[in-house]
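Enquirer: The primary structure of each chain is shown beneath.
There are 2 protein chains.
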Amino acid sequence: MTATTQSHPLAALDTPAAVIDLPRMERNIARMQQRMNALGVRFRPHVKTSKCTPVARAQRAAGAQGITVSTLKEAAQFYADGFGDILYAVGMVATKLPQALALRRQGCDLKIITDSVASAEAIAAFGREHGETFEVWIEIDSDGHRSGIKPGEAALLEVARTLHQGGMLLGGVMTHAGSSYDLNSPEALTAMAEQERAACVHAAERVRAAGFPCAVVSVGSTPTALSAVQLDGVTEVRAGVYVFFDLVMHNIGVCATDDIALSVLTTVIGHQAEKGWAIVDAGWMAMSRDRGTQKQQHDFGYGQVCSTDGEVLPGYVISGANQEHGILSREGEADTDIARRFPIGTQLRILPNHACATGAQYPEYHALAEDGELSTWSRLHGW
Amino acid sequence: MTATTQSHPLAALDTPAAVIDLPRMERNIARMQQRMNALGVRFRPHVKTSKCTPVARAQRAAGAQGITVSTLKEAAQFYADGFGDILYAVGMVATKLPQALALRRQGCDLKIITDSVASAEAIAAFGREHGETFEVWIEIDSDGHRSGIKPGEAALLEVARTLHQGGMLLGGVMTHAGSSYDLNSPEALTAMAEQERAACVHAAERVRAAGFPCAVVSVGSTPTALSAVQLDGVTEVRAGVYVFFDLVMHNIGVCATDDIALSVLTTVIGHQAEKGWAIVDAGWMAMSRDRGTQKQQHDFGYGQVCSTDGEVLPGYVISGANQEHGILSREGEADTDIARRFPIGTQLRILPNHACATGAQYPEYHALAEDGELSTWSRLHGW
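Taken in sequence, the protein lines are chains A and B. Our numbering puts the first residue of the first sequence at 1, with every later residue one more than the last. Our numbering puts the first residue of the second sequence at 1, with every later residue one more than the last.
Be aware that a few hints might be false.
If we take Cβ atoms under 8 Å as the criterion, some of the chain A residues that face chain B in the derived model are [stated by the list, open to error]:
(1) S116
(2) D143
(3) R146
(4) S147
(5) G178
(6) V229
(7) Q230
(8) G270
(9) G276
(10) I279
(11) R289
(12) D290
(13) Q323
(14) G345
(15) A357
Partial list, computed: chain A residues near chain B (C-beta under 8 Å) [to be verified]:
(16) Q34
(17) G131
(18) Y362
Counterexamples of contact, computed for chain B against chain A with all Cβ distances above 12 Å [to be verified]:
(19) R57
(20) A89
(21) R104
(22) S147
(23) H164
(24) E205
(25) H271
(26) A369
What the hints contain is simulated information worked out from the structure, not anything from laboratory work. Predicted, not measured: the structure shown is a model, and the values here were computed from it. Positions of the beta carbon are idealized from the N, C-alpha and C atoms, including for glycine.
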């Protein structure tokens, strides 16, 4: 391992560092886009995972149409970087309308969402006041996990009416079956994908039957996008984390560990040999505090340990973390030979539980191409 | 509440935002410094909590001597901002020595630490090669929770000899009783503080008895610093999170909720009224994924809800979180009146589980003075 480390292109990086394995990322992008093409729907990636323009460009180059963002800061940066068709997929409130207006005035084709009459009224009033026809989609609750109007609720048509009669462009309906993250069998995932599809299509049919426009029917989460058998009535799918994948997605069953494109490069800085611990410089600041695998079938602690070449070292995980210290140990019986196995200075790569959370800890990614070339890609931080 | 929100100085901020309550912060700083003065020890705050120069300046103005950092990037920034006496409190490895050398060559009085012969040899060899006498402290394991050499171990004197005979300045010993975070009674905390003190002093005595210098005896964690009855033999204390405090510290018993100086300003963006949920724009990206209160006597979910004035709203917590969505609910029985209690647009402040983790999610703090004046203070991100 020491010989490998010394000759590896990552050896020059200061640790901890966030590394993107570009061949894996490109494979993940191609897999999702091919699937969407086969299902006959447009694909609008959620850039909240990477918050990184070169990653979104790779998604667009593969065929993605438009992007989804989680903050208006993302919208502003991606618009500045040449992405015009942007869905801000968090419920709009009055205080954020000036930012949305400014983006639209700059030429950004920003879509916003709502799930309440109160917000719909605020959007319509603000739009009329400023002579702006906001395009608004209605958020549908397809699985009870978060926001949205249930497809059969009376409020759905009240919101549609408020927007349409208020002079806004009622662009469509959208949903996100986030409870797919709680599943781990192909059958359950396929059923959830169908539930997500059926709920959103039903909502669209109700809106249209009431005489309102509803061009877009937008669904998605990485697990449902990769599990849907048919998407009749759906016009587009959104997904984010598939671009990198992570250990949570591995436990759900939609990727293998060697699909995971994001890892944290770390260095062994010490040992507690009698306990079977190596201490590494990737603590929770480097991995994030996300413990998303804790309740899943395989708890990877704060991450799965790999060689610098990205090969999984089975059974070795980050079992504990302080701010800048990670405790690397073997699952089950302690490895009392750990100081010889991973001497001080050894570089390792750690696969994260949750790529969206781990990526957020870094101002930039180091993108590693197949030929060993490294590129530094900056990443958005904050709001 | 709506009237309060509209007149409040925070109403102008985009949400989510990290807010520092300056009177509380100043009170926390004064409390710790007075305690250290009474115990007759120097105080070296750990700036990993705030990573913010104005905060460290306030600590220095109150009497702190030197700072502790968790990354060499912090060391570089704080040195550039006028802090000369810096302890880098993570075990040094060979690959980071060039950065440490560069800082010392610029005039920074940087101290580094080690807990192994291998690293001590690497430091001494690198130092001799570059004509630099690094000041090195030996890390002591006082509670078995992480790194360090046990005070009675033979390795302690081997490391001391390696450094001293290798031409480095053996500056002292240091320890961090991080397992104090698992306690919650004054008796147990006082006992842990004494364990930390005794272990570090014992290590220093062994080093000195073997004929090596050991000027500094440095201990500390926020819970033990606030619980120590006497610190005989200790020369300095380090602590970080006390400057803001948080819900974990509240559960440990070393602060009240109205000592907590860091909060996240958020806006209500929707409801699922029949479930008793308000949806806010502070999800885990805004709060961090830290769930440090999960195993404690009071699990606050992702945070305790307060009014914009910072008054705790008892029983209301962030019970769930997605990336940019928080679920605000009442503990116990659902509050089916929640949509009236917290209408869309309501601003609230959320006390975090762990200030170090929550602060790290933000590029800047908004510091709120007693007179309502707001200052924007930038914060370090990454490595």
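Enquirer: Confirm or reject each hint.
Expert: Hints and how they fare:
no., hint, verdict
1, S116, "6 Å, holds"
2, D143, "12 Å, violated"
3, R146, "6 Å, holds"
4, S147, "5 Å, holds"
5, G178, "6 Å, holds"
6, V229, "26 Å, violated"
7, Q230, "27 Å, violated"
8, G270, "5 Å, holds"
9, G276, "13 Å, violated"
10, I279, "5 Å, holds"
11, R289, "4 Å, holds"
12, D290, "4 Å, holds"
13, Q323, "6 Å, holds"
14, G345, "6 Å, holds"
15, A357, "5 Å, holds"
16, Q34, "26 Å, violated"
17, G131, "23 Å, violated"
18, Y362, "6 Å, holds"
19, R57, "22 Å, holds"
20, A89, "9 Å, violated"
21, R104, "17 Å, holds"
22, S147, "5 Å, violated"
23, H164, "20 Å, holds"
24, E205, "23 Å, holds"
25, H271, "7 Å, violated"
26, A369, "22 Å, holds"
Taken one by one, the earlier hints fail for this structure at numbers 2, 6, 7, 9, 16, 17, 20, 22, 25, listed in ascending order.
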